[in-house]
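Q: Each chain, written out:
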Amino acid sequence: MFQISSYVQPSEQYKNSFLLWHGPTGMDLWQLLLTLALAGSSDAFSGRETTAAILSRVSQSLLSVNPGLKTNSSKKPKFTKCRSPELETFSCHWTDAVHHGLKNPGPIQLFYTRRNAQEGTQEWKECPDYVSAGENSCYFNSSFTSIWIPYCIKLTSNGGTVDEKCFSVNQIVQPDPPIALNWTLLNISLTGVHADIQVRWEAPPNADIQKGWMVLEYELQYKEVNETQWKMMDPILSTSVPLYSLRVDKEYEVRVRSKQRKSENYGEFSEVLYVKLPQMSQFTCEEDFYFPWLLIIIFGISGLTVMLFVFLFSKQQRIKMLILPPVPVPKIKGIDPDLLKEGKLEEVNTILAIHDSCKPEFHSDDSWVEFIELDIEDPDEKTEGSDTDRLLSSDHEKSHSNLGVKDGDSGRTSCYEPDMLETDFNASDIHDGTSQVVQPQRLKGEADLLCLDQKNQNNSPYHDACPAIHQPSVIQAEKNKPQPLLTDGAESTHQAAHIQLSNPSSLANIDFYAQVSDITPAGSVVLSPGQKNKAGVSQCDMHPEVSLCQANFIMDNAYFCEADAKKCIPVAPHIKVESHTEPSFNQEDIYITTESLTTTSGRPGTAEHVPGSEMPVPDYTSIHIVQSPQGLILNATALPLPDKEFLSSCGYVSTDQLNKIMP
Amino acid sequence: MNIEASPWKGSLLLLLVSNLLLWQSVTPLPVCPGGAVRCQVTLRDLFDRAVVLSHYIHNLSSEMFSEFDKRYTQGRGFISKALNSCHTSSLATPEDKEQAQQISQKDFLSLIVSILRSWNEPLYHLVTEVRGMQEAPEAILSKAIEIEEQSKRLLEGMELILSQVHPETRENAVYSVWSGLPSLQMADEESRLFAYYNLLHCLRRDSHKIDNYLKLLKCRIVHDNNC
Chain C
1 MFQISSYVQP
11 SEQYKNSFLL
21 WHGPTGMDLW
31 QLLLTLALAG
41 SSDAFSGRET
51 TAAILSRVSQ
61 SLLSVNPGLK
71 TNSSKKPKFT
81 KCRSPELETF
91 SCHWTDAVHH
101 GLKNPGPIQL
111 FYTRRNAQEG
121 TQEWKECPDY
131 VSAGENSCYF
141 NSSFTSIWIP
151 YCIKLTSNGG
161 TVDEKCFSVN
171 QIVQPDPPIA
181 LNWTLLNISL
191 TGVHADIQVR
201 WEAPPNADIQ
211 KGWMVLEYEL
221 QYKEVNETQW
231 KMMDPILSTS
241 VPLYSLRVDK
251 EYEVRVRSKQ
261 RKSENYGEFS
271 EVLYVKLPQM
281 SQFTCEEDFY
291 FPWLLIIIFG
301 ISGLTVMLFV
311 FLFSKQQRIK
321 MLILPPVPVP
331 KIKGIDPDLL
341 KEGKLEEVNT
351 ILAIHDSCKP
361 EFHSDDSWVE
371 FIELDIEDPD
381 EKTEGSDTDR
391 LLSSDHEKSH
401 SNLGVKDGDS
411 GRTSCYEPDM
421 LETDFNASDI
431 HDGTSQVVQP
441 QRLKGEADLL
451 CLDQKNQNNS
461 PYHDACPAIH
471 QPSVIQAEKN
481 KPQPLLTDGA
491 ESTHQAAHIQ
501 LSNPSSLANI
511 DFYAQVSDIT
521 PAGSVVLSPG
531 QKNKAGVSQC
541 DMHPEVSLCQ
551 ANFIMDNAYF
561 CEADAKKCIP
571 VAPHIKVESH
581 TEPSFNQEDI
591 YITTESLTTT
601 SGRPGTAEHV
611 PGSEMPVPDY
621 TSIHIVQSPQ
631 GLILNATALP
641 LPDKEFLSSC
651 GYVSTDQLNK
661 IMP
Chain X
1 MNIEASPWKG
11 SLLLLLVSNL
21 LLWQSVTPLP
31 VCPGGAVRCQ
41 VTLRDLFDRA
51 VVLSHYIHNL
61 SSEMFSEFDK
71 RYTQGRGFIS
81 KALNSCHTSS
91 LATPEDKEQA
101 QQISQKDFLS
111 LIVSILRSWN
121 EPLYHLVTEV
131 RGMQEAPEAI
141 LSKAIEIEEQ
151 SKRLLEGMEL
161 ILSQVHPETR
171 ENAVYSVWSG
181 LPSLQMADEE
191 SRLFAYYNLL
201 HCLRRDSHKI
211 DNYLKLLKCR
221 IVHDNNC
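First to last, the protein sequences are chains C and X. With this note's numbering applied, the first sequence corresponds to residues 1 to 663, in that order. With this note's numbering applied, the second sequence corresponds to residues 1 to 227, in that order.
This is chain C alone, in the form it adopts within the complex:
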């Protein structure tokens, strides 16, 4: 260390100490030599004062020559900060210059100037108050403070400017800390573990809040006593703030600092407020409750996965349909394919009938069809239905039931509409393959049986008696028969009828209705081919006469009315159509049975020919089965005598007429 003081000693000592002096090496040698030179020259002056001055100057020059010689203790004074706590006064502070061993070169002075256009030139004024703000400070009271006027201050030491600074007072605002911190308990949680408190304080007294000169913002910080990090809250404008969820068993420290709202600098922190919460419960929770998020997530995901798999792989269609609803397929309104699959042909047919698009056109020409209105609900019909079922085989029954139409189907299976039969079966019985093919034929045969009027079995011998003769006429009659629909099926029915006739016994108890195929000139009626045998001998006799009437009976109607029949009957005078005993030729009689004719005609003479073994054939029949537009199967049971009023137009039967007929 370069110690100057050693050189103040007398020269003898100097000389001696020089030798003994363990000074620094290296570059310090230059200083040493210089000092020696100066010391040697100072001997001439031999004065302590001068020596000291020279030495100080030397040291200073040395210091200036070699800045490395500077020590930390010597510093230039600098401004540390200038601060205005309330925007009315301000003060500036600087660091003190430290000079070891040297006399203070001079008082540090602060000069300021207010750059005001009105003042003109810059005048540096000295600090008005060095004391009030403490050591190394300058305090400017309100009279010296102008807010928005820029200030420049400079620090001088020995005439030399050490530091300089310019600012405006509004930029150096740092409010004082708030005072009077206190806290109050708001509430404690039910468990007694946490509590809420409200912390209050007051604004620093020197800040003029009331007049609005200053608007302060506060920031609160708190922490547990043994923590190191302060928790900060957002700045607030009010002077009280709640603190939530503090642990009761811990102590807290709270501090607040304020800032002017516009500036960036916070003031100092207030004093620390200690918060010790009252303990209500003896036991304290050591650990916080952590919500088991992980467990919940794991369980939730696994549960959802399980449910998803169950849904996807389950056989339950309902659930699957809920999750993945099937794309709706196009549907025809009113027709459900499931109906067809399940074999509910009746419904399908009703639907088809409703739509009115499947109704065959053949009946539209027949105006008489419209007038035939039958009450299907009639109990007689139902009982008759049973008869029909008995009449027909069980297969036929089934096929009947498969047809969508009600009792009328059995009518359809009559000889009139084999085509319709076929179409019906094709439409409805999809799954019955070959059986359906056989069915129509059998049905036709059975239908022929129906037509063949079982109770006219007695007539069958009549028919059979003259098969050969009747054949052509019958065939012709058949052709002329008003069977607009069944022209094709005539032969088949014809054939089927033959087949069926082989077993007449099965049809013993069933009512039969014979279809008039021809009327003999004698007045007897020739029934459809199957009934030829029943017709009886008398019919054969009538044949020649039939041919006469045939020409007149070229009509499409399958029905013969009494009037028409009478036309032919008078040709054969021996045939009396009318007989009071047998008022069979009612207008309502759609079918004129052979028997009725024969009985009427043959009554005078041939009544005995009525087969005694057979059941007496009623003179008139009631409608047994309605086949909607196609035809009617008449009932063989006895009917009350109709009144004369029923004499209506040929071939037409009205509902009320029928109802009167029916018992």
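Each hint should be verified, as a subset may be incorrect.
For lysine-lysine, the following BS3-like pairs were computed, each having C-alpha atoms within a straight-line distance of at most 27 Å [stated by the list, open to error]:
| no. | chain 1 | residue 1 | chain 2 | residue 2 |
| --- | --- | --- | --- | --- |
| 1 | X | K106 | C | K211 |
| 2 | C | K154 | C | K223 |
| 3 | X | K97 | C | K81 |
Just a sample of chain X residues kept apart from chain C, beta carbon distances all over 10 Å, derived [unchecked claim]:
| no. | residue |
| --- | --- |
| 4 | L12 |
| 5 | L53 |
| 6 | T73 |
| 7 | D96 |
| 8 | E98 |
| 9 | A100 |
| 10 | L111 |
| 11 | K152 |
| 12 | K215 |
| 13 | C219 |
Derived Cβ-Cβ restraints for the label pairs, each shown as a range [to be verified]:
| no. | chain 1 | residue 1 | chain 2 | residue 2 | range |
| --- | --- | --- | --- | --- | --- |
| 14 | C | M307 | X | I145 | 15 to 23 Å |
| 15 | C | R247 | X | E63 | 34 to 42 Å |
| 16 | X | E98 | C | E251 | 45 to 53 Å |
| 17 | X | I145 | C | L312 | 32 to 40 Å |
In short, the hints are calculated from the structure, not lab data. Just so you know, these numbers come straight off a predicted model, no measurement behind them. A virtual CB, placed ideally from N, CA and C, is assigned to each residue, including glycine.
Got chain C sorted already, so can you dock chain X onto it with the hints?
A: Then chain X, alone, in the frame of chain C:
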């Protein structure tokens, strides 16, 4: 404002001011003096809004100035040169709290309106010039645009307040003229930068002034010196 006759002017002013003061003490929400039809917003709301606007404008100007300084003029020592050379220095504004308390309400309000008016043109040119700069700094430009807009709104609000509090005040056209446009367009970069620096510095200062004045007035007029 509609009263032309001078003998009525003073008495009406007195009446209004006294009414205002009376109402101030009785009700915290002063109604519009004279029951003017166009008065739909209370004075308190007007002042609240004005304070919010002025605070916002001051924040924007501070940010704009610091961004400009950091980017262009850091360390150039402009602060020592650009001091108190604002164009609004000609206006007699109170420089500390005592002066602010001594000035009358009416003058205070007129003064604020004058300052705001004085800044209309400089702000407009500032926006234009910054926008025309080659590498227009987006942050500074957006703030300048925002300040210009909000300043106009504040001016309207202040004129409305003035007309409510002192309806008899005529529209005075006192404002400082700004002639710094040529300096903003100088070719020398240093001079130009100094001109911008000066302008932004003055803007920051004046926005702070306006903010402070309004807070003072609000507490004085609306809350009766008891904020």
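Q: Should the hint that E98(X) and E251(C) are 45 to 53 Å apart at their CB atoms be regarded as holding?
A: The hint (45 to 53 Å, Cβ to Cβ) holds, given that E98(X) and E251(C) are roughly 46 Å apart.
Q: Is the Cβ of T73(X) farther than 10 Å from every Cβ of chain C?
A: holds, 14 Å
Q: Measuring Cβ to Cβ, find out whether L111(X) lies farther than 10 Å from everything in chain C.
A: holds, 13 Å
Q: Taking C-beta pairs only, is L12(X) more than 10 Å away from all of chain C?
A: With a cut-off of 10 Å, L12(X) remains clear of chain C, as the shortest Cβ separation is near 29 Å.
Q: CB of M307(C) to CB of I145(X), is that within 15 to 23 Å?
A: Cβ of M307(C) to Cβ of I145(X): about 58 Å, so the range 15 to 23 Å is violated.
Q: Is the Cβ of C219(X) farther than 10 Å from every Cβ of chain C?
A: violated, 3 Å
Q: Does the claim that D96(X) lies off the interface hold, with its Cβ farther than 10 Å from every Cβ of chain C?
A: Given a closest Cβ separation of 5 Å, the condition is violated.
Q: Would the pair K106(X) and K211(C) pass a check requiring their Cα atoms to be no farther apart than 27 Å?
A: Within the cut-off at roughly 17 Å; holds.
Q: Just to be careful, I want the Cα atoms of K154(C) and K223(C) compared with a cutoff of 27 Å; is the pair within it?
A: Roughly 42 Å separates the two Cα atoms, so the pair is violated.
Q: When you look at the beta carbon of A100(X), is every beta carbon of chain C farther off than 10 Å?
A: At roughly 8 Å from the nearest Cβ of chain C, A100(X) sits no farther out than 10 Å, so the non-interface label is violated.
Q: Minimum Cβ separation between L53(X) and chain C greater than 10 Å?
A: Holds, since 14 Å exceeds 10 Å.
Q: Once the closest CB in chain C is found, is it more than 10 Å from K215(X)?
A: For K215(X), whose nearest Cβ neighbour in chain C is about 4 Å away, the distance does not exceed 10 Å, so it is violated.
Figure legend: structure checked against the earlier numbered hints; hints not met, in rising order: 2, 7, 8, 9, 12, 13, 14 and 17.
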